[in-house]
Amino acid sequence: MKLIMAVIKPFTLEEVRAALTLLGVPGLTVSEVKGFGRQKGQTEIYRGAEYQVNFLPKVKIEVAVPSEIADQVVEAIMRAAHTGKIGDGKIFVMDLERVVRIRTGELDVAAL
Amino acid sequence: MKLIMAVIKPFTLEEVRAALTLLGVPGLTVSEVKGFGRQKGQTEIYRGAEYQVNFLPKVKIEVAVPSEIADQVVEAIMRAAHTGKIGDGKIFVMDLERVVRIRTGELDVAAL
Amino acid sequence: MKLIMAVIKPFTLEEVRAALTLLGVPGLTVSEVKGFGRQKGQTEIYRGAEYQVNFLPKVKIEVAVPSEIADQVVEAIMRAAHTGKIGDGKIFVMDLERVVRIRTGELDVAAL
Amino acid sequence: MKRVLTACLGLALAPALLNGSAMAADAAPKLDSGDTAWMLASTALVLMMTIPGLAMFYGGMVRRKNMLATMMQSFTVCCLVTILWMVIGYSLAFTNGSPYVGDLSRFFLQGFGANWDKPFLLGAGADSATQTTIPETVYMMFQMTFAIITPALITGAFADRMKFSALLVFMTLWSILVYSPIAHWVWSPTGWLGAGVLGLPGAADFAGGTVVHINAGIAGLVCALVLGKRIGYGHDNMAPYNVSFALIGASLLWVGWFGFNAGSAVGANGRAGMAMAVTQIATAAAALAWVFAEWGTKGKPSVLGIASGAVAGLVAITPASGFVLPGPALLIGVAAGVGCFWGATSLKHALGYDDSLDAFGVHGIGGIIGALLTGVFAYGPLSATTASPQGVNIGGLAQFESQVIAVVTTLVYSGVMTLIILTITKALVGLRVEREEEREGLDLVLHGEQIFQ
Amino acid sequence: MKRVLTACLGLALAPALLNGSAMAADAAPKLDSGDTAWMLASTALVLMMTIPGLAMFYGGMVRRKNMLATMMQSFTVCCLVTILWMVIGYSLAFTNGSPYVGDLSRFFLQGFGANWDKPFLLGAGADSATQTTIPETVYMMFQMTFAIITPALITGAFADRMKFSALLVFMTLWSILVYSPIAHWVWSPTGWLGAGVLGLPGAADFAGGTVVHINAGIAGLVCALVLGKRIGYGHDNMAPYNVSFALIGASLLWVGWFGFNAGSAVGANGRAGMAMAVTQIATAAAALAWVFAEWGTKGKPSVLGIASGAVAGLVAITPASGFVLPGPALLIGVAAGVGCFWGATSLKHALGYDDSLDAFGVHGIGGIIGALLTGVFAYGPLSATTASPQGVNIGGLAQFESQVIAVVTTLVYSGVMTLIILTITKALVGLRVEREEEREGLDLVLHGEQIFQ
Amino acid sequence: MKRVLTACLGLALAPALLNGSAMAADAAPKLDSGDTAWMLASTALVLMMTIPGLAMFYGGMVRRKNMLATMMQSFTVCCLVTILWMVIGYSLAFTNGSPYVGDLSRFFLQGFGANWDKPFLLGAGADSATQTTIPETVYMMFQMTFAIITPALITGAFADRMKFSALLVFMTLWSILVYSPIAHWVWSPTGWLGAGVLGLPGAADFAGGTVVHINAGIAGLVCALVLGKRIGYGHDNMAPYNVSFALIGASLLWVGWFGFNAGSAVGANGRAGMAMAVTQIATAAAALAWVFAEWGTKGKPSVLGIASGAVAGLVAITPASGFVLPGPALLIGVAAGVGCFWGATSLKHALGYDDSLDAFGVHGIGGIIGALLTGVFAYGPLSATTASPQGVNIGGLAQFESQVIAVVTTLVYSGVMTLIILTITKALVGLRVEREEEREGLDLVLHGEQIFQ
Ligand SMILES: Nc1ncnc2c1ncn2[C@@H]1O[C@H](COP(=O)(O)OP(=O)(O)O)[C@@H](O)[C@H]1O
Ligand SMILES: Nc1ncnc2c1ncn2[C@@H]1O[C@H](COP(=O)(O)OP(=O)(O)O)[C@@H](O)[C@H]1O
Ligand SMILES: Nc1ncnc2c1ncn2[C@@H]1O[C@H](COP(=O)(O)OP(=O)(O)O)[C@@H](O)[C@H]1O
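Protein chains in written order, with the numbering used here: chain B, 1 to 112; chain Y, 1001 to 1112; chain V, 2001 to 2112; chain P, 3001 to 3453; chain L, 4001 to 4453; chain G, 5001 to 5453.
Take these hints with a grain of salt, some might be off.
[To be verified] Below 30 Å or equal to it, Euclidean Cα-Cα: the simulated DSSO-like pairs (lysine-lysine) are:
no. : chain 1 : residue 1 : chain 2 : residue 2
1   : P       : Lys3118   : G       : Lys5118
2   : V       : Lys2040   : B       : Lys85
3   : B       : Lys85     : P       : Lys3426
4   : P       : Lys3118   : P       : Lys3229
5   : G       : Lys5300   : B       : Lys40
6   : Y       : Lys1034   : B       : Lys40
7   : V       : Lys2040   : L       : Lys4118
8   : V       : Lys2034   : B       : Lys34
9   : G       : Lys5426   : L       : Lys4298
10  : V       : Lys2034   : V       : Lys2085
11  : P       : Lys3298   : Y       : Lys1085
12  : P       : Lys3118   : Y       : Lys1034
13  : V       : Lys2085   : G       : Lys5298
14  : L       : Lys4298   : P       : Lys3118
15  : V       : Lys2040   : L       : Lys4426
16  : G       : Lys5030   : G       : Lys5229
17  : Y       : Lys1040   : P       : Lys3229
18  : P       : Lys3229   : Y       : Lys1034
19  : P       : Lys3300   : P       : Lys3229
20  : B       : Lys85     : P       : Lys3229
21  : P       : Lys3030   : L       : Lys4118
22  : V       : Lys2034   : L       : Lys4298
23  : Y       : Lys1034   : Y       : Lys1085
24  : G       : Lys5298   : P       : Lys3426
25  : Y       : Lys1085   : Y       : Lys1040
26  : Y       : Lys1040   : B       : Lys34
27  : V       : Lys2034   : Y       : Lys1085
28  : G       : Lys5300   : L       : Lys4118
[As the list claims (entries may be wrong)] From the derived model, a few chain Y residues whose C-beta atoms are all more than 12 Å from chain B:
no. : residue
29  : Lys1002
30  : Glu1014
31  : Gly1087
Bear in mind the hints are in silico, worked out from the structure with no lab data behind them. Note that beta-carbon positions come from the ideal geometry of N, C-alpha and C, so glycine has one too.
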């Protein structure tokens, strides 16, 4: 299995979720994060103290999927999260050795 | 070493932590996340606007452990986080190549 | 590529970011987490209810880098996040199979 | 009859006359320090309703990304209307002019320097002028706080999607073209609605059921219809981000409303006391009614529910506050709680418009319930004056008809004018932010700020 | 002697008489617009203490998962008691009836329509009736805000674990069976406790040390004992989620308390002024005393500490506020700060009960300290009347004994009745939520809402 | 001339005399219940400005890690100054003593027991004594709230880096050595500045432009310079964590300011009404001016901007509030909005000091603008008295010169003394926390608490 982690723009979350549901991906986990990258925040002058807002609010999703559908999932996330503007984010794919469903103790693919 | 990541119900955190301490696992890292899965939130009608609360508050724990005790740890988490109700969550296990303790520079198992 | 995940003290974040920028690492993702480990919080007696503050506020950074510079990056983080006091945190290194830049569809190293 | 119209704010003096408050019946009217003290305090209380009260109530009900922008709207309206009121709004509302609108004799508050220390004679010159025991500065300020909160209430209808520039243009026009005239009709001694038409008694609106709530409610509905639904409405999770703010906001509205209703007696007298009592009773009754209705139909009594119910009760008792006794207040409260719960859930859901924070569902419906029931439950003696010893005649059908006329007139005039003003605003600066901007959130897009970052 | 009992709220008139406020000594008593203005404002201030004041103070001290439910309790109690007070509570507390409880002559506030514009004569018919210069509506409203906050204070003791339905049942019974009678004993001209027993002077409780604080405090303690500890108590981290709310809540309590104490003079007079001054001084002294005690013993001066200390001072000065001078107020404040710090930390810790937000540790202990010291420091002239030119006799042992009796009586009656009411409530709907529910948090389980989601 | 100086608070009586409020011109002065009611309410309003108003305004502008510590500072100053004022501050400020400082005749408020129910004669014995219609307790309390907020304003300048112990030492010395004397100079009938020097008319400062705002502003600037910049200033992201609190705080400051300015009329009269009106107008004008200036220069109208602008307007109208008419208030507001925007952004940025929350940029600059324009726009009749029928002479150059003197004197004395006090404090306990501690955040380090954990 693969663990797909994507950092996306917050307001694209609903679309991404919808897209994954279509693919029959049963679940995902979401966290609020701050992103630092090419996309630069505007230079704020807050009451005279100048600084660059480097960190931008992003959303991180983590979704475990069977290896065979990993590429489709990456595809789907890309399409749904794409706005074409800098800062759209990244998708990271890692290998996942084991998954357990706490409720039932089911393992791996059965646990997804 | 393995990185064990588990998504659990928030109120089981104290138990999980206690269980790991018993196993002599020295530390863990916790984040607040929102979970999407089989467990569906009730359909809210907030002042007339109907929608489904799909995301439920969950807690994500990440704990790095020596490979040999990984299974015990998974076991322990399962028992402690188990309520038997849908939405209990999942445990994911990944391979961990390297760990460094920032304070001392100790490496790998020594760093845990 | 490698995914480097580090748990550090919140107020060292700015330094760490600066250090990575120097290394030409273009981006990173940050989350607020709570940490549990050797460093123990003081025993609080909040209005008579005694308990131990086990979880301490930490910051988790995740940064994907080409394998060849992974060690430098770990080095840099270590130096920047180091205060010498207990609770400085840990750095975890995992293998990363694939990276995609959502905006352009670029892959792997090109996507970083 | 004529006097009944001034019932709204004028009659309060009557009790003052009857109940031996400092203002004795001697020749030269004097300022009464007690009445003035209460009106100064009431003005502070009503200002508190908008900032921070309404700002928190509304700000707590939106999603995180729009919280600051929503609070900004109430605060901005407060600043904007203050200036408009000083420049021209007050003059158009409270000078004699015609039955339909005042004149410019108070343009830029001219003339305030002359009688700053004399008791204000409302409608001086008109045969139905009403003598107060407070300075005109205080009367103008008290009225200003009403002129502020009314447009601010509308913002709940178009939350999450209106341009800031559009807000400025819309509110400027609306305050001058809609609020001032309607306030004149009902509360100026020369206003036609308060005077009564077709030989009916004047409309009884003690503290603003028509002028404030129905007016803001219908305007909000029109805005919601014209701007259209929020992106993701009915699909995305639009649960309030900070319900605690909504509850605190409702609490401050409640406390401040004592100034709104009891202050409308324009003095510290028996009528003010009764107004405060019925306000408290109706509000509590409505809050409980809403939350029990919700508990029964939705399964859980929600915090937002009890807060919304309280506001519904405050709205409904507003026109009635100086006219009814505790018993009827209880009934008005229950009716408002159930009625507005239906309005903010079933009705809105059925008709499918997106009145985001229920400006119409709560203020429109609640205002109508209150205005009509005022005609049913009015207790004469409370509004008795030397001129009309009966006060608002009790349960008289005539009074009820008069209330209906006031309600309908307000709905029609405010609704139509709002539509026109929206059209003008759209032509000038556009109404709604870009789709991308709306999705990103108004806080960052419009104001470059964010909460908790 | 008799008059001393009415010292609580009645005597305030004395100063009014002496200090040439509008109410002159002429035959027909008149409403005084200044006194009425202050009482209207005070009523608003005291309401603000409960919503949003107490709601924020308590809401800020619990864990995130229970924040909304905790705030909901204060708001719900406010609505519920308003209705109960209007229906029967006021009548039971302030009509003559017997020395132990009032009668039903004000059931549903009947009779309010008749004398809405006349000055209220408290205890009309009783030989110790007290003439006020405000309408009965205002007196009833002012008292209502006290009837609201008292049960609301109790909620701090069982925070995080009580059912919402249990709250409704418990508070309904408690308000009628405990609050109204005790208020009658102490504050009604016909009440036995205020009248004094065994030939002792009447108990002196200016603004509610016994009626409000000791009463709520002991009731809270009984609730804490009966409901038992929160799951994880002493083991899980139960640190307050939002200390800023607790500090804001304490601030609003402080500001509102000016209405509570200075308003208890039932007029804008010298006694009200002194009450406000001593309130401010005792509060500041207690806040500093607590925070320094904490700094010394725990190593750090905490924000929650200074906020708690301020509340402790407000509580302790309450019964004394109309009777003491600035110097003694300073001492009362210091005693309360240190005493309540001990009560909320050492004592609770030692006895091991889980009075979650220290309803007893702060209001119980603080109330007792204040009630007793009132007997020690009372300065006669402040409460002098034509009837008792000495006012509360100074430092007299007799007065102290009388205070002890009032304290003990309140502790016993309220404690026992609370136990009985809890038993009834448990039988009817149960008291505590399920273990699973408590762990998940009351916000989601009881109200289906969550903060910051 | 002499009387003009007492214009600040004394003259208010004049209108009272003229406008037939209860205090008739008969021999024995009496308490006026209406005036007393308003002053009691005003005291509550001004206390609310500091807690929770200022605590929220400042607390909302800092980073999360310092939010509680910042709020703690306002609350602590409130408690600390209350005690200092009772012990010695009030006596030094408002007893006759010399033209430069009062005496100790009110040490520990001695003598308050004697005339608690008599109208207060300010400066009794002095030929320019001013008769009030309220008890001294109320006058002392109202003034106390000013003595509290002034040092609390300073905390904005050294936010995020001062030791808590240093705060206690600094504020104690500053309150006694700086605030009380300056208050005496300007507001005591015997004060030299209010009396006027070089044959000029006395300085006109109705509610505290010099005593409160310029005083706090310059003290803040000195603190910022002495303590130095925050670590990471100009490099780290120091955006406010909770702008909603800043907006709510500004709102409460606005509402409370009605007590501050209108209350400075020491009565519920025409002058109080005018003061409230001009306060509202100037505030709204300044808020809009700031936000439009920001919109034009920075591209976006920010929530923090409109809130800051409102405060700037409140500051600038303070000295003028009892002297000017609505028109000039509008101009003063615009000047303050633009001026303070420049002060808090360009000026601070140019000079490069780190006045964290702009104590000087807003209160210093705003206070100076207001104090000077008071001399330009003063409208005589508002401050007319039997003694000086002209009141503050209009647009007279003399008056303007007198204002300049008052401003300069305040800047110099307060600046120098603040520097000395900082030096003493540093010697005693040190001023700034350790580098590590500052990076970790004051909440955890100083108070062992954290928000939202
Ligand atoms: N090397 C990296 N490691 C981890 N996260 C990254 C990395 N580079 C970028 N990100 C995340 O992706 C987000 C978007 O990246 P950015 O460079 O701003 O735009 P783009 O994705 O269009 O290249 C960043 O805000 C950050 O959260
Ligand atoms: N494929 C997945 N990838 C990542 N997280 C998942 C995945 N499926 C479920 N989760 C997480 O586990 C939680 C519980 O899953 P759910 O299907 O609701 O119940 P159960 O664990 O009993 O099957 C979800 O809320 C989500 O956070
Ligand atoms: N085994 C672990 N797995 C995941 N995170 C850990 C682990 N051990 C420690 N951490 C994280 O590192 C932080 C610091 O560890 P701690 O033991 O307190 O100090 P040190 O890093 O100096 O050994 C902890 O707060 C926790 O967030």
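Verification of the supplied hints:
1. Using a Cα cut-off of 30 Å, the hinted pair Lys3118 of chain P and Lys5118 of chain G holds, with the two alpha carbons roughly 27 Å apart.
2. Only pairs whose Cα atoms come within 30 Å are accepted, and Lys2040 of chain V paired with Lys85 of chain B is rejected, the gap being roughly 44 Å.
3. Distance restraint check for Lys85 of chain B and Lys3426 of chain P: the Cα-Cα separation of roughly 28 Å lies within the 30 Å cut-off, and the hinted pair is therefore satisfied.
4. A threshold of 30 Å between alpha carbons decides the hint, and for Lys3118 of chain P with Lys3229 of chain P the separation of about 51 Å lies outside it, so the pair is violated.
5. At most 30 Å may separate the alpha-carbon atoms for a hinted pair to count; Lys5300 of chain G and Lys40 of chain B meet this at roughly 18 Å.
6. Proposed proximity of Lys1034 of chain Y and Lys40 of chain B is supported: the alpha carbons are some 27 Å apart, at most 30 Å.
7. Annotation: proposed proximity of Lys2040 of chain V to Lys4118 of chain L is violated, straight-line Cα distance about 67 Å (limit 30 Å).
8. Restraint check for Lys2034 of chain V and Lys34 of chain B: satisfied, since their Cα atoms lie roughly 16 Å apart, inside the 30 Å limit.
9. This hinted pair checks out: Lys5426 of chain G and Lys4298 of chain L have alpha carbons roughly 25 Å apart, not beyond 30 Å.
10. The hinted pair formed by Lys2034 of chain V and Lys2085 of chain V meets the criterion: a straight-line CA distance of about 17 Å does not exceed 30 Å.
11. Pair hint Lys3298 of chain P plus Lys1085 of chain Y holds up; C-alpha atoms about 23 Å apart against a cutoff of 30 Å.
12. As the CA atoms of Lys3118 of chain P and Lys1034 of chain Y are separated by approximately 64 Å, the hinted pair breaks the 30 Å bound.
13. Distance check on the hinted pair: Lys2085 of chain V and Lys5298 of chain G sit about 43 Å apart at the alpha-carbon level, beyond 30 Å; violated.
14. Pair hint Lys4298 of chain L plus Lys3118 of chain P does not hold up; C-alpha atoms about 60 Å apart against a cutoff of 30 Å.
15. Proposed proximity of Lys2040 of chain V and Lys4426 of chain L is contradicted: the alpha carbons are some 41 Å apart, above 30 Å.
16. Under the criterion of a C-alpha separation no larger than 30 Å, the hint pairing Lys5030 of chain G with Lys5229 of chain G is inconsistent with the structure, at around 54 Å.
17. Using a Cα cut-off of 30 Å, the hinted pair Lys1040 of chain Y and Lys3229 of chain P holds, with the two alpha carbons roughly 26 Å apart.
18. About 26 Å separates the Cα atoms of Lys3229 of chain P and Lys1034 of chain Y, which keeps this hinted pair within 30 Å; it holds.
19. A distance of roughly 27 Å separates the Cα atoms of Lys3300 of chain P and Lys3229 of chain P; the hinted pair therefore holds under the 30 Å criterion.
20. In summary, the hint linking Lys85 of chain B to Lys3229 of chain P is supported, as the alpha carbons are separated by about 26 Å, within the 30 Å threshold.
21. For the hint pairing Lys3030 of chain P with Lys4118 of chain L, the CA-to-CA distance comes to about 22 Å; that is within 30 Å, so the pair holds.
22. Using a Cα cut-off of 30 Å, the hinted pair Lys2034 of chain V and Lys4298 of chain L holds, with the two alpha carbons roughly 24 Å apart.
23. A C-alpha spacing of about 17 Å is found between Lys1034 of chain Y and Lys1085 of chain Y, which places the hinted pair at or below 30 Å, so the restraint holds.
24. At roughly 25 Å between alpha-carbon atoms, Lys5298 of chain G and Lys3426 of chain P fall within 30 Å of each other, so this suggested pair holds.
25. A C-alpha spacing of about 12 Å is found between Lys1085 of chain Y and Lys1040 of chain Y, which places the hinted pair at or below 30 Å, so the restraint holds.
26. The straight-line distance between the Cα atoms of Lys1040 of chain Y and Lys34 of chain B is roughly 28 Å, inside the 30 Å bound, and the hint therefore holds.
27. For the given pair, Lys2034 of chain V sits about 26 Å from Lys1085 of chain Y by alpha-carbon distance, which is consistent with the 30 Å threshold.
28. Proximity of Lys5300 of chain G to Lys4118 of chain L is assessed by CA-CA distance (about 57 Å); at most 30 Å being required, the pair is judged violated.
29. Lys1002 of chain Y, annotated as away from the interface, has a beta carbon of chain B within 12 Å; the closest lies near 7 Å.
30. With a minimum CB-CB distance of about 16 Å to chain B, Glu1014 of chain Y clears the 12 Å threshold, and the non-interface call stands.
31. Non-interface call for Gly1087 of chain Y relative to chain B: violated, since the shortest CB-CB distance, roughly 8 Å, does not exceed 12 Å.
Going down the numbered hints, you'll see the structure goes against 2, 4, 7, 12, 13, 14, 15, 16, 28, 29, 31, while the others check out.
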